[in-house]
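Each chain is listed here by its residues.
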Amino acid sequence: MFLRLVKGALFRQKKKMLMIAFTIALGASLATAMLNVMLDVGDKVNRELKTYGANINVLPKEVSLLDDLYGVSDGSGVLSESELGSLKTIFWAFNIVDFAPYLNVKARISGRDGEFRLVGTWFANHLELPTGEALDTGINNMKSWWSVEGEWPAGDDASAAMAGSIAAERAGLAVGDVISVSTGGGNGESVSLTIKGIFAAGSDEDERIYVPLSVAQGMAKRPGAVSSVEVSALTTPDNELSRRAAQNPKSLSVKEWETWYCTAYVSAICYQIEEVLTDSVAKPIRQVAESEGAILEKTQLLMLLITILSLAGAALGISNLVTAGVMERSREIGLLKALGAGNAPVSRLILTEILITGVVGGVAGYFAGLGFAQIIGQTVFGAAINIKPMVIPLVAILVFLVTLVGSVPSIRLLLSLRPAEVLHGR
Amino acid sequence: MTKRSMYIKMITSSLIRRRSRMFVALLAVAVGATILSGLVTVYYDIPRQMRQEFRSYGANFILVSASGETISEESAAAALGCIPEDKVVGTAPYRYETVKINEQPFMAAGTELSEARKASPYWFVSGEWPERDGSVLIGQEVADVIKLLPGNSFTMTGTDLAGESFSRDFRVSGIVQTGGTEEAFIFMSLADFASVIGENGAFDVVECSISASQAELETIAARVTEIAEDVAPRLVTRVTRSEGAVLTKLQALVFLVTAVVLLLTMICVATTMMAVVAERRKEIGLKKALGAPDKSIITEFLGEGLLLGCLGGALGSALGFGFAQIIGVNVFSRAVQFPAALAPATLIASVLITGLACLIPVRSATYVDPAIVLRGE
Amino acid sequence: MALLDIKGISKIYGSVKALQNIDLAVEQGEWLSIMGPSGSGKTTMMNIIGCMDKPTDGKVILDGIDISAESARNLTAIRRDKIGLIFQQFHLISYLTALENIMVAQYYHSMPDEKEALQALDRVGLLERAKHLPSQLSGGEQQRVCIARALINYPMLVLADEPTGNLDEVNEGIVMDIFRQLHSEGSTVVVVTHDPEVAEEAQRTVILEHGRIARITYNVGRESRKGE
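Chains A, B and C are the protein sequences, given in the same order.
To convert, note that position 27 of the first sequence is 27 in the numbering used here; the numbers rise steadily by one, no gaps.
Add 426 to a position in the second sequence, counting from 1, and you land on the number used in the numbering used here.
Add 803 to a position in the third sequence, counting from 1, and you land on the number used in the numbering used here.
Hints are not guaranteed to be accurate.
In silico SDA-like links for lysine to any residue, alpha-carbon gap of 20 Å or less [as the list claims (entries may be wrong)]:
| no. | chain 1 | residue 1 | chain 2 | residue 2 |
| --- | --- | --- | --- | --- |
| 1 | A | 15 | B | 444 |
| 2 | C | 810 | C | 828 |
| 3 | B | 429 | C | 880 |
| 4 | B | 429 | C | 918 |
| 5 | B | 675 | A | 47 |
| 6 | B | 708 | B | 439 |
| 7 | C | 934 | B | 444 |
| 8 | A | 61 | B | 573 |
| 9 | C | 857 | B | 648 |
| 10 | A | 61 | B | 429 |
| 11 | A | 15 | B | 793 |
| 12 | A | 7 | A | 351 |
| 13 | B | 513 | B | 648 |
| 14 | B | 675 | A | 294 |
| 15 | B | 721 | C | 874 |
| 16 | A | 221 | A | 108 |
| 17 | A | 106 | A | 94 |
| 18 | B | 708 | A | 335 |
| 19 | B | 675 | A | 172 |
| 20 | A | 15 | B | 786 |
| 21 | A | 106 | A | 15 |
| 22 | A | 388 | A | 300 |
| 23 | B | 573 | B | 533 |
| 24 | B | 721 | C | 810 |
| 25 | B | 675 | A | 42 |
| 26 | B | 721 | C | 914 |
| 27 | B | 675 | A | 375 |
If you're looking for bench data, these hints aren't it; they were derived computationally from the structure.
Model the full structure from these sequences, guided by the hints.
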């Protein structure tokens, strides 16, 4: 009989129940969308922040200070180009977004005064990894803030070059020019290069000319050598543990060390890079790493608060309607009580109905919310939002609690009604 | 009593004397208005707030000499005068000179250390920032090469501007780690720098950290070029552009969320109003039986709805401001600016939304058959 | 001419014949009762007289106007001007005071007039209850407010639906006294009821059965009591 009453209410009051289910669905969809976006926003914003460029700089262990300051190469320490592929084999390989090697050479351009700083690099390199995967990486991905006149050179173009705006002005270069470069002293062999693009970076990069890595290696007579590597990696904001580890990894206990190693802290990734590249020192570029952490944290906190607000809004909306829906049925409840129904069965009846409605609305809302989340992901970040399974129990609990809480005041009110009054319409 | 005062009496009584029921509807409107005004405030304040965070990326605006020489103090001051004061986070002038420690060459930089600290918040200093004369910061690489720790002293030698050689002892107060070229420098105060190298009243470069968008920075740059001809302002595009990109995305995100939440609240308000009207079918029937034309019934319900919207909107603007303030204080640790126009805008929006939400249920109210008041139906 | 002239009306809902070919005339100043068991067509009859429904067939002429031909909009206006309704369940607006409930009727009719409304309340003996909400009034008091509201616009016809159905004997007596007074002042009163005692108060009782007028009784005693 209880089931028949419930069924009767659900089907015969179709319109009202539909309205409640609809509101619950709306609330659930909002909750689903917001929670999914919130849980994924860190990853998305992290990728956006990659436009700030590399956050890890890898140098040879024995690098001379003078090399960096004055561009004087004395051949002390180098990294091996052939090892670079193993960057994608470290524990956090998936978090390594891009990387590019550099080799600096001082060179003369025939017909121009003075020495220029040439930097050998990958413009866009296709890499076959030992794991069997393939990877396209290079500075065209990493230097997204460069404004380029002309175009980025193709990856396999061994005679292409890009000039910084200041270097180009000094040497009077224009896009399409063919230049002949040779190492200082003029006795080295000369290489002819085509200027594919001129860029403005707003930093000292503007004073350099970028050439393919193989060209720089040939001119410096150091085949396979790389003087530094810039790595762009997705990282977790630093905390106390990672700061301690960055000072000295050996100061951690075994358990702490494991936690640190298995978290994408910039210091952990640096440590892992040092493990795979012989004689290397990987240093976080603090300017980027630090700021990323701060911004990520703020964004996540912001989204968390907005999510809480939206959830509160959804909760109030739902409980509002549930309250109104239950109140409307005072006459029916009065009748049931007049027929001798106790408070417990009446409450059970109403709760069962509301919960069934809640389940239907919640399930519909969950899927609608997944759609919402994807719309947000596509419009804002141009990428799909990862669906987190942990959202399902969260939304379920939320809907359950909200419908329950929403119906409590109205049920209490209904129970306090005296059947005679209700039936006489007072 | 006039007809109008009776009308007002009726709708206000309906709200005031049916407190518990109307409270539910009022809550719906107020929550909607809160979300609206709160999110819109956050939306407008995000660039301002986040820009402060982005300043941890350091200088985004650099002044160098147009001629490739140095910038005189006067032109530097003139150029810095072009930057609106409330947007400046830090402006650090730098002078560079090669010096020697243990006969090895290093680069010494003189700067206003307190400003450098503000302009480059990402510097990680082990030890202390120098506070007394004769204390310096040294880069990690310098420390590695000459094996210095904070608290140690070293002797710096070199030639000053006049061509005379000098030798002076300095104390290392801290070691700088940045992962960048700064690690190869020795940083000291301008006074210390002048005491060994000499005074020339000029800087090599001025690094500025300004809390402004790329467009604003470009305007400042244009003004600087006009006022100080020998100064070449440069935007650090890597910072300014990326900042713009991330901020746009964040704003778009909040905008979209606001739109979705708004839509939801609108529907919630509409359903609540529908429930309110449905609850009062009897009353509508009675009014019709008493001879009320449809127009009166519509104006009465709409009047109630609009009054509800007004109250909810006012309540919501206040709560929304509080909410935005909570976000500001918790997320960004500073108060938000509340756009003054937002309060009336929220009020108008909630009145419109409630009015709109009332239309459907009120229209259906006019279909109520007055005969329902007869008998116990 | 009769104030209300019903000529051969029928009302058919689908296959159910609620009223069949009814003829009835109510004179100015008359007190008429309509009686009958459930389903006899009382409510339908009342809806039609009260301008809330129209007959499927036949004519209803109220004060010279054929209301069976009017639009719903005009019916509302006619109801407002010519009819005062009294309900079994009183139907006072819960959030308005007794006085305001009366003024609502004035408001829809023409102009709210507090003085006049107070006089109406005084007439039903509730002057000191003017500022009370319906929930603070007893059933009998509520019905008296309802009557005052029905009379406030000087209707040609007072139509009461089971006016004593929800009242105890004492209040029933008070309400019936008011009706008697109304009648003595010359108002036309139609009372729909199933209570024979209430019906007997009228000059004439129409008894409906299965949608037809089964019989009409004239309460001669009524005339004699009038003199008491």
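Regarding the pair residue 675 of chain B and residue 47 of chain A, is the alpha-carbon distance no greater than 20 Å? Holds: residue 675 of chain B and residue 47 of chain A sit about 12 Å apart, inside 20 Å.
Compare the distance between the alpha carbons of residue 221 of chain A and residue 108 of chain A with 20 Å, and conclude whether the hinted pair is satisfied. holds (16 Å)
Quickly compare the C-alpha distance for residue 708 of chain B and residue 439 of chain B to 20 Å and report which way the hint goes. holds (17 Å)
Given pair status - residue 874 of chain C, residue 721 of chain B, alpha carbons within 20 Å: Holds - the C-alpha atoms of residue 874 of chain C and residue 721 of chain B are around 16 Å apart, at most 20 Å.
Hinted pair, alpha-carbon criterion (20 Å max): residue 429 of chain B, residue 918 of chain C. Please report holds or violated. Roughly 14 Å separates the two Cα atoms, so the pair holds.
With the threshold set at 20 Å, check whether the alpha-carbon distance from residue 106 of chain A to residue 15 of chain A stays at or below it. Between residue 106 of chain A and residue 15 of chain A the Cα gap is close to 80 Å, so the pair fails against 20 Å, i.e. violated.
Would the pair residue 675 of chain B and residue 42 of chain A pass a check requiring their Cα atoms to be no farther apart than 20 Å? The given pair, whose Cα atoms are some 13 Å apart, holds under the 20 Å limit.
Agreement of residue 708 of chain B and residue 335 of chain A with the hint, judged by alpha carbon distance not exceeding 20 Å: holds (19 Å)
Hey, residue 15 of chain A versus residue 786 of chain B, does the alpha-carbon distance stay inside 20 Å? Between residue 15 of chain A and residue 786 of chain B the Cα gap is close to 15 Å, so the pair holds against 20 Å.
Is the hinted pair residue 388 of chain A and residue 300 of chain A satisfied, with a Cα-Cα distance of at most 20 Å? Cα-Cα ~16 Å, so holds.
Between the alpha carbons of residue 721 of chain B and residue 810 of chain C, is the straight-line distance 20 Å or under? Outside the cut-off at roughly 33 Å; violated.
Is residue 934 of chain C close enough to residue 444 of chain B, meaning Cα to Cα at most 20 Å? Judged against 20 Å, a Cα distance of about 16 Å means the pair holds.
Checked against the numbered hints given earlier, the structure breaks hints 1, 9, 10, 17, 19, 21, 24 and satisfies all the rest.
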